[in-house]
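Based on the sequences and whatever the hints tell you, model everything.
Protein chains in written order, with the working numbering: chain Z, 120 to 474; chain P, 21 to 375.
None of these hints come from the bench; they were simulated from the model. All clues given are correct.
Computed list of lysine-lysine pairs in DSSO-like fashion (alpha-carbon distance at most 27 Å, straight line):
| no. | chain 1 | residue 1 | chain 2 | residue 2 |
| --- | --- | --- | --- | --- |
| 1 | Z | K223 | P | K229 |
| 2 | P | K245 | Z | K399 |
| 3 | Z | K223 | P | K194 |
| 4 | Z | K223 | P | K231 |
Not close to chain P: a few residues of chain Z, all C-beta gaps over 10 Å, as computed:
| no. | residue |
| --- | --- |
| 5 | K295 |
| 6 | D364 |
| 7 | K463 |
Taking beta-carbon pairs under 8 Å as the criterion, some of the chain P residues facing chain Z (in silico):
| no. | residue |
| --- | --- |
| 8 | G46 |
| 9 | F49 |
| 10 | Q87 |
| 11 | D120 |
| 12 | M122 |
| 13 | G123 |
| 14 | Y162 |
| 15 | E206 |
| 16 | A215 |
| 17 | E226 |
These figures come from a predicted structure and were not determined experimentally. We treat Cβ as the ideally placed atom computed from N, Cα and C, and that holds for glycine.
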Amino acid sequence: MSDQLNYNMEVIKVEKSRINDVDFNNLSFGKIFSDHMLICTYKNGAWNAPKIVPYQSLTLDPSTKIFHYGQAIFEGLKAYKDSNNDVFLFRPDENCKRLNISAKRMAIPELPEAYFMDGLKALLQVDKDWIPTQDGSSLYVRPFIFASGRGFHASPSDEYTFIIATAPSGPYFSGKVTVLIEEHYSRSANGGVGYAKAAGNYAGQFYPTQLAVEKGYNQVIWTDDNTHEYIEEAGAMNIFIRINDTLITSPTSDRILDGVTRKSIIDIAKSEGIPVDVRKITVSEVIEAANNGTLKEIFGAGTAAVVSPISGFGFKNKDYILPELENPYANKLKKRITDIQTNKAEDAFGWRVKV
Amino acid sequence: MKHNIPIKRVEKSKVEELDFNNIPLGRTFTDHMFICDYENGQWNNPRVEPLHLIPTHPAAMALHYGQAIFEGMKATVDSEGIPMLFRPQKNAKRLNLSADRMGMPHFPEDLFVEGLKQLVAVEQSWIPPQEGSALYLRPFMYADEPFIGMRAATSFKFIIIASPSGPFFTKRIKLYAETKYIRAAEGGTGEAKAAGNYAAAIRPTELAKAKGYDQVLWLDAAEHKYIQEVGTMNIFFKIDGKFITPKRDGAILDGITRMSVIDLLRDKGYEVIERPITIDEISEASKKGTLEESFGTGTAVGIAYIQEIGFGDETIHVSDESPVGLDVNETLNGIKTGKIKDTFNWMVKIEKELA
Ligand SMILES: Cc1ncc(COP(=O)(O)O)c(C=O)c1O
Ligand SMILES: Cc1ncc(COP(=O)(O)O)c(C=O)c1O
Chain Z
120 MSDQLNYNME VIKVEKSRIN DVDFNNLSFG KIFSDHMLIC TYKNGAWNAP KIVPYQSLTL
180 DPSTKIFHYG QAIFEGLKAY KDSNNDVFLF RPDENCKRLN ISAKRMAIPE LPEAYFMDGL
240 KALLQVDKDW IPTQDGSSLY VRPFIFASGR GFHASPSDEY TFIIATAPSG PYFSGKVTVL
300 IEEHYSRSAN GGVGYAKAAG NYAGQFYPTQ LAVEKGYNQV IWTDDNTHEY IEEAGAMNIF
360 IRINDTLITS PTSDRILDGV TRKSIIDIAK SEGIPVDVRK ITVSEVIEAA NNGTLKEIFG
420 AGTAAVVSPI SGFGFKNKDY ILPELENPYA NKLKKRITDI QTNKAEDAFG WRVKV
Chain P
21 MKHNIPIKRV EKSKVEELDF NNIPLGRTFT DHMFICDYEN GQWNNPRVEP LHLIPTHPAA
81 MALHYGQAIF EGMKATVDSE GIPMLFRPQK NAKRLNLSAD RMGMPHFPED LFVEGLKQLV
141 AVEQSWIPPQ EGSALYLRPF MYADEPFIGM RAATSFKFII IASPSGPFFT KRIKLYAETK
201 YIRAAEGGTG EAKAAGNYAA AIRPTELAKA KGYDQVLWLD AAEHKYIQEV GTMNIFFKID
261 GKFITPKRDG AILDGITRMS VIDLLRDKGY EVIERPITID EISEASKKGT LEESFGTGTA
321 VGIAYIQEIG FGDETIHVSD ESPVGLDVNE TLNGIKTGKI KDTFNWMVKI EKELA
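The following block contains the structure:
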């Protein structure tokens, strides 16, 4: 796709920043939004050049297709600021590529790469002061596209809107994370849209997750729709399982999101000399390992939660507790990835992008 | 319970601008909308207002996670011009079934029906009188809470908008039996009228259209063997004098036209069996000459007569005529326009004076 744009895009700034209203030492996740947003619309068969405007309400007609048919996709990444006030992104090109993979499956026109990358960089320059520097905090970046055309037909829309909103955010989870391995509901199936960051995949998880929360768990771990035998992923994290010294994670598929954190963790683990096995893993294998003491760790990996150790899981009305290790892989891997992300360590993989 | 639904009217109706003999498909909307807000655990402030744009926060959860559901139904007039609804309580119930699966609050069923009646009463001049024409009504609910974390929202809007729709011409349709993509899996959201289900179907439907078909015939997710439904219709087959339709399995939509057609067919003396049906069985019946006819049923089109089904390299010829389908369609339309006695008590009349 075209690569023409540079940073000279139209910028309309706020008259007065809201930044002084924000307590950066007590940030929750995804509730406060920075002063500006990037916006770009698709009309008459083409994406128009993006603009930066004050963060503001959209005005949508009730017949706007997004409200009816959920034709929308999104991405999630983070911006970090180091002690020199330099701003960094982590593998943003991967998010841009994945946005267009999602776009294709959801019949949304692909977005020119430059609109995403240059738009994002320009936005971060304008709202640089909104990037938190506190440990565990960052600026969560949410690019998304939705069907903004009107009409009562579940057919491709004639208009779409691309927006990047940013939210200074604290840690995603606080405290120990427990999960329920799902045996009834399913997130996705072969031939479906599980590998896309399609809006509807997420709403579909809310109710099963609510049921798990009512039972005392934080999250659901999804299993395959057909047999509920194979471990797939969590709501917004890919899953790693350590049996003895080997780290196992499911291969990506039609049903599983190709997480940027996941593939980065695989590379980091290998560079640390940790054996990594990308293969299908059954629930019964995990239960057996839990019973014979070879199950050492389970953790989730995703942009929002980074690396999130799981302290226990439930399956068929039985709870299993993970051991508390002295030096778990999760801690080591989390430190390695966040040090790269925040420019505290050398970036041997070439993942960091300075803005 | 009687609800107080205040009405704020437009100064001048746009109905004079509409050519009732030439209604553009799903693009014309009436003057008013019904709207109600959910906040702090309850539905507040139901009202009828001029149709207007809705200020929507860019982080409104429906835009990101597709937490949205909808209904579809029609208002018709009888020969005396009395507006009527077709089985609106069924839509009210189904909306709440969808709400359950999608982690959304129930909308009170009596308020749903009353809101519809009130809106239709205000918009009665918009109901096209021609047989087969109707005022299409679109109740929908979506998450408008500005939050980009993964959980069910806590604030929602429920809206009904209306669009006059002309008679669908009854072209015989060709279906494409899809063996790669799927609509819904067991344990998923297929039984809900959830927005995301429709977005996921857009690309496969476009691909089928590019191959010369009108609609996709969805098969089950696990084996691509069992027939589920078509686009926005359920499906019936007549084999050897008997009707069969796929049994509800949690993945197909419980169509209100479907349940009504089952009653009508039985009333006309046909046997109707709900059971799993394989595509192979249909193919064999076609070859043996026992496949007599097949049709789709749904609010939008009523009855759609099926000519053939593409399945892999094979073309399954269904039939060149659909005498029973035609008869059922006439009966349904007759009931909806008061020309045939409503022995099932399906029609709900709206007092003209309500407005
Ligand atoms: C379903 C799902 N799995 C996994 C992930 C993790 O992907 P990433 O590491 O790219 O954030 C996400 C995204 O947040 C997701 O939505
Ligand atoms: C997927 C799907 N199947 C079937 C139908 C038919 O349902 P109804 O007869 O209630 O319109 C619809 C709705 O229109 C639908 O969206």
